[in-house]
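Since chain A is already given, all that's left is putting chains B and C on it; use the hints.
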Amino acid sequence: MAPSLSLFVYTLLVVGTAVAIILLSHFLGKRPLTDEKTIPYECGMDPLDTRKHRFSIKYYIVALLFVIFDVEIVFIYLWAISVRDMGLFGLLEMFIFVGILLVAFVYAWIKGGLTWES
Amino acid sequence: MGIYHFFAIGIILFSIGLIGFILRNNVIIILMSVELMLNAVNLLFVAFSRYLYANPDGQIYVFIIMTVAAAEVAVGLAIIVALYRRFATLDVSKINQLKG
Amino acid sequence: MNFIAPNVNIISVMPEILLLLSGTALLFFRNCAGQGKAIPGIASAAIILQGLMIPTLWGNNIAGFNSLIVRDNFSILFQTMVGATALLAVAFSHYYLKQRKVSEGEYYALILYAVVGMNVMIAGRDLLVIFLGMEILSLSLYVLVGFFRDINESMEATVKYFLLGAFSSALFLLGIAFFFGALGATGIDNVTTAIEQSGFNIMLLMMAAALLCTGLGFKIASVPFHMWAPDTYEGAPISVASLLSVAPKIAAFAVLLRIVLAVSPATSQVTSYTIIAMAVASMIIGNITALRQTGLIRMLAYSGIAQVGFMLIGLLSPEQEGGPALMFYLSMYILMNMGAFGVAIVFSMVEGKRLLINDLSGIAAHRPFLSLAMSIFMISLAGIPPTAGFFAKFYIFKTAIEAGYLWIVVVAVIMTVVSLYYYFRVIMVMYMSEASDKLSTVSGDVTVIAVLLGVLAFATILFGIMPGSIIGIISKALAFM
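Chains as they are written, first to last, in numbering that gives the first Met the number 0: chain A, 0 to 117; chain B, 0 to 99; chain C, 0 to 480.
If we strip away everything but chain A, and leave its shape as in the complex, we get (with noise of 0.2 Å):
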């Protein structure tokens, strides 16, 4: 198959998945009409709100975790395009790698780093 006749393929599926969907929620579901629906959508908050509203602290902390652990993902990216020609030294350091975060993330669990409600 040509590269261009299977991207055309896989943009059908996307596009036919996504119209599905909608359509299915569009017949299937039920359709309350509440007070959160009216407002403008803006991820969830309110839109016209004093502006001294303050996050929670337990967001900051996973927020700080995320930084973190997601930064760490640029190895993985590197090591991704280079796997195949490391072989199994490549694998083993891959393992060490991310052996070393999971210590992080037991840690960051035990100490309640990821528990919300407290």
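It is worth saying that the hints were derived from the structure and are not from the lab. Each residue gets a CB set at the ideal place from its N, CA and C atoms; glycine is no exception. Hints may contain errors.
To list a few chain C residues with every Cβ distance to chain A over 12 Å, as calculated [what the hints assert, rightly or not]: (1) I3; (2) V7; (3) T23; (4) I41.
Listed next, the in silico SDA-like pairs over lysine to any residue satisfying Cα-Cα at most 25 Å (straight line) [as the list claims (entries may be wrong)]: (5) K397/C - Y272/C; (6) K57/A - I21/B; (7) K110/A - S21/C; (8) K93/B - G294/C; (9) K110/A - I8/B; (10) K110/A - V142/C; (11) K97/C - V72/B; (12) K93/B - I21/B; (13) K57/A - E71/A; (14) K110/A - Y272/C; (15) K397/C - P264/C; (16) K97/C - A37/C; (17) K475/C - E320/C; (18) K57/A - K97/C; (19) K97/C - V447/C; (20) K57/A - R84/B; (21) K93/B - R353/C; (22) K57/A - A73/B; (23) K110/A - P264/C; (24) K110/A - D84/A; (25) K93/B - V142/C.
Below, chains B and C alone, put in the same frame as chain A:
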């Protein structure tokens, strides 16, 4: 477009960060200035490695520096939150209980 | 493109792996109640164990990670010094933390991580590896300085240390970028080959040398990059301040020595002018400012800045006698500075808050042993003959005169005389003032710390009488350079 353009913009960005670090009083803005300096260095690394040497090492260093910068930001923001809880301000000129 | 696996040679980083594993184990330790008492023991055991592993690598020049890390005798000696300092700091911390109910696992884990960072800095042969080591060290120390989040001073100290530390990292990194721009590689040894083929950009290399010295100048707290030191030492827990005032300086001086040795043949003027400026300014400003301090820790901080000024003189002739003299000074500095901080910890256990020099008045009558030890450390820091501090200064001055820097030695001697005033004021206050009852009673068991202080004081005198043995070891370590 050559090495001099990238060198100049790297130095300019670094200087903006340096000036921001010296002049601003808000801790978060100081932290952002330091990040700007680190990213200016990243630009220099890429420019040197692309234009001066056929050596891709400089582009790899950028990833390592990005990781280090992220770790620094994480520790820094944690310190800043703890600081705000104690002092209820982020203005470094008002945080001076230790006098010299 | 064929992939060539790097020569990792895991033996070369065995001590660091040991420290990291035990440090990480300590992180998970604090959950069960009864285990808390073992934590300092485990931390010191890990440091002692890695301290025993390092000398077994002596003389082998073990290289790892494609020679990014080389354990030559030079780095083994510096790493032993760092290990000894960390061990003392762990012992001090045990007493300091006992009065505060805190989860200690993280505290000792961070100390172990800081040691890993310093070991990487010392053994690293590539500037980027050195930078990574510096960041591991700095990030651990930022958290340690602000470990007690409920104390305002501690938070202020950590935010000052963090901001200036991050700033200095950025400057150091710009230096690495210029270095890379000048040579096309970041290995320190690349300078030597580049000089032989004269294939480097001299302007960029000079800027790189100046920026690298600046970045490290923050870590060793030399003037004009010293602003953080007094506030940070005073606000930090004293046990952390004792570590902070000695260990990072050892690691940073190791890196400085390597960089100066490699770079100065290419850019001799710029590096030596930078170092002369830093040395003279540190000696003058450190000593003069220390004169009018009332707080004991603050006085020790400025005295540390002044001592760094003396040490920097050794960097002016690194390839002759300056290197060994600097190393001797650093090892003696561990003894006397850690000793002085140790005494301060015992006194602060009584007082519980900011310790003024005048609080010590008449303490000699109640605590004769501690006062004697403190006097020995002060005399040694001042550089009076029967102590180690005298020979440390003597060797440094001698090398500077041989290298033709007479005027710097004259400044240094004048500043040594100035320093007598504030060092002897502590002794005067302890022995000749009226007793104040503030510090007269000491609560808690201080046996171990007292024994440690006794050993430190004894060693200070011993190496003052016979400094030859240490000098012999150091010369052997530097013979190859």
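- Task: Given the hint that K97/C pairs with V72/B, test it: the Cα-Cα distance must not exceed 25 Å.
- Result: violated (31 Å)
- Message: Check whether the Cα positions of K93/B and I21/B lie no farther apart than 25 Å.
- Response: Distance ~16 Å between K93/B and I21/B Cα, so the pair holds.
- Does the no-contact call for I3/C survive, Cβ to all of chain A over 12 Å? Given that some Cβ of chain A is not farther than 12 Å from that of I3/C, nearest at about 10 Å, it is violated.
- Hey, K110/A versus P264/C, does the alpha-carbon distance stay inside 25 Å? violated (52 Å)
- Message: For I41/C, is the shortest CB-to-CB distance to chain A above 12 Å, so the non-interface label stands?
- Response: holds (17 Å)
- Query: Is it true that the CA of K110/A sits at most 25 Å from the CA of V142/C?
  - Reply: Given pair K110/A, V142/C holds - Cα atoms ~16 Å apart, limit 25 Å.
- Message: Checking one constraint from the list: CA of K475/C to CA of E320/C, max 25 Å. Satisfied?
- Response: holds (12 Å)
- Message: Against the 25 Å threshold, does the CA-CA distance of K97/C and A37/C hold or violate the hint?
- Response: holds (13 Å)
- Message: For K57/A and R84/B, compute the direct alpha-carbon distance and say whether it is at most 25 Å.
- Response: holds (14 Å)
- Query: Hey, K110/A versus S21/C, does the alpha-carbon distance stay inside 25 Å?
  - Reply: Holds - the C-alpha atoms of S21/C and K110/A are around 18 Å apart, at most 25 Å.
- Message: Tell me if the straight-line CA distance from K57/A to K97/C falls inside 25 Å.
- Response: violated (31 Å)
- Message: Against the 25 Å threshold, does the CA-CA distance of K397/C and Y272/C hold or violate the hint?
- Response: holds (20 Å)
Taken one by one, the earlier hints fail for this structure at numbers 1, 2, 3, 6, 9, 11, 14, 18, 23, 24, listed in ascending order.
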